[in-house]
Amino acid sequence: MLQVERLSVTLGGTRALHDMTTSVNPGGWLGVVGPNGAGKSTLIKAICGLVPYGGCVRIAGRDLGSKDRRRRARAVAYVPQRPVLPREMNVTDYVLLGRSAHHGYLGAETARDRRTAAAVIERLELAHFASRPLGALSGGESQRAVLARALVQEAPVLVMDEPTTSLDLGHSQLVLELADELRRERGICVLCALHDLTLAAQYSETVLVLFEGRAVVDGAPADVLTEENISRYFAASVQVLEGASGPVVAPSRSAEPSALTAPNEHPDEEMRAS
Amino acid sequence: MSVLVDKELPARPRTVCLPPQRPLERAGVVEPTRLRASHLALGSAFLACAAAASLMVGPYQLPPLQVLEAVVAKLPFVHLHSGLSHLGYEVLWQLRAPQMVLGALVGAMLAVAGASYQGVFSNPLADPYLLGVASGAGLGATVAIVYGPTFAVGALNPLPIAAFAGALVAVAATFALARPASGGRSAATLVLAGVAVAAFFTSVQTFIQQEQGSSSLAVVYSWILGGISTAGWGQVELLLPYVVVAGGVLVACRRLLDVLSVGDEEATSLGVRAARVRAVVVVAATLGTAAAVSVSGLIGFVGIIVPHTIRLLTGPSYRRIIPLSLMFGGGFLVLANLMANTVLSPQEVPLGVITAFLGAPFFLVVLRQAKRMG
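From first to last, the protein sequence lines are chains A and B.
The opening position of the first sequence corresponds to residue 1 in the numbering used here, with each subsequent residue numbered one higher.
The opening position of the second sequence corresponds to residue 1001 in the numbering used here, with each subsequent residue numbered one higher.
Chain A on its own, in the form it takes in the complex:
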């Protein structure tokens, strides 16, 4: 179980995250949404220990602290928004980087590391590409390689920062379906930031809205992603339709463009609807 308690982050003198508290159960999926600059990436980086933070991040009840990088890498796997993909490195070597925290710091991969990587590569249908350089993969294939690298970390928590950026709709669904199946199979906690509210609504068990560095609403997707909330926090004019697998958020043009207001004109007091 992932617990985030009173997490605060200050970046370059500005508070990027205020007293965030949230949690994800094993096998659960928390979707984090919010307008640009709301603090989604900052939250994810703090959980991964990549930015200094106040408060604490617990996994299975243990505070991760900030000292031991290897322990953290065994507890939290990270799928960055724009992963650095060394063009010439082959998929196998890239996926095996995910085992860095498991074998000796200066040592080589053990047979167990190589078995784990083989299983994940096969599971994500990357076996065919295993010896290809990353530069020769399509967007969807490289995103699967990134997911594979995160999964071989065998961490109980998987955090993904907009894993569908730069993917078309079909490949976005493919990647999210994979993550969804794997969290059910393995009981992984997933925390996933997404821009696309419909995808967030359809894959998340719980949706959390971040706004100006604060958690403002959380709850079931249908309760949180309402026309009113989306207009309030995203300054977007939308229609929320009922889909078979969750709410569908469709943009709609309002009659008067001036009806749209900038998000910071609605900084209502914190509201929680869970």
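Read the hints as simulated data drawn from the structure, not as lab findings.
Some hints could be false.
[As the list claims (entries may be wrong)] Looking from chain B toward chain A, a few residues come up when the C-beta cut is under 8 angstroms (computed): (1) 1028; (2) 1030; (3) 1031; (4) 1033; (5) 1255; (6) 1259; (7) 1261; (8) 1262; (9) 1263; (10) 1265; (11) 1266; (12) 1271; (13) 1273; (14) 1315; (15) 1316; (16) 1317.
[Unchecked claim] Computed spacing ranges between beta-carbons, pair by pair: (17) 12/A x 1192/B: 19 to 27 angstroms; (18) 52/A x 1369/B: 44 to 52 angstroms; (19) 195/A x 1186/B: 26 to 34 angstroms; (20) 251/A x 1125/B: 44 to 52 angstroms.
[Claimed, not checked] For lysine to any residue, the following SDA-like pairs were computed, each having C-alpha atoms within a straight-line distance of at most 25 angstroms: (21) 67/A x 1264/B; (22) 67/A x 1074/B; (23) 67/A x 1277/B; (24) 67/A x 1280/B; (25) 67/A x 1283/B; (26) 1074/B x 1045/B; (27) 67/A x 1273/B; (28) 67/A x 1268/B; (29) 67/A x 1249/B; (30) 67/A x 1276/B.
Being a predicted model, the structure only gives us computed values, none of them experimental.
Beta carbons are placed, not taken as given, at the ideal position from N, Cα and C, and that holds for glycine.
Starting from the structure of chain A, add chain B where the hints point.
Only chain B this time, still in chain A's reference frame:
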């Protein structure tokens, strides 16, 4: 609506309904990129051939067979008389052998340091002189040549000591200047600080050189072009510990250099302290380079050409590039030194001239081949 292309689209494979996961034990095993025995054998053979050639050939004619016998006679449990004259014996063991060993050490150090710099700075143009080693050593050497006799330390030659000290001061200045006000140190800041420090040290060195007029100019110039023609066993003893320690550290870090290729942030998320690894690698590579430069002068191109040739031939993994750079860098410089001694014999050509003259065209050929294949 009009249909533009009336074609049956192939059913899209979906990963959604995958077969259940196979248990770990039954899954196959993937093979990571590793150093192969064939690579090591090739490297050893190259080094051995270069060493043998440089012992047998030189400006002073020695019968190659007798040289071979003399070398074999040095092996334990072998009793053999080579038939080399006393002078020949001295030429072999006091001139050619220390030059060969020193060449191998310097070449290995420069090549492995270049490979490491390229890895930690993710910059293909990084060479071991990037952070100011060359300019610092140049200033140190110039000071020693110009003001030398006034502070000779006992029987020791002050030149390598001054060059080594200058190199360390320059790199320490680079590190100090790159330290930002609040934590963290980015690779780009370090490289820029290195450029500034190098420019400053070079300007001071040029000033001292100009001020002293032409008398020392030729000596400084020939030192800067590099060479090991005056090498003896003393210099080998000076350099050996640095190459062993620095080379050992860099070989141990080879896999971590692969991890750094995904950037500092992702490397950290994988459990590797990127900044610390970079510092350790840079310190080891710099110490080794400073020691090499102090006995050999500034030999260019080895640190760029050797690692890149290996990268083009064996792929991007530092697990291969680092150990192979040691072996091929050593062999390459031994051969280059052989040419420097024999091409214009009895005159010597500066070693840096040979490395660039041989290395650059060879590198271009490899680059073209690799492009054609890729």
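Any of the earlier hints contradicted here, and which numbers?
Hint 22 contradicted; others consistent.
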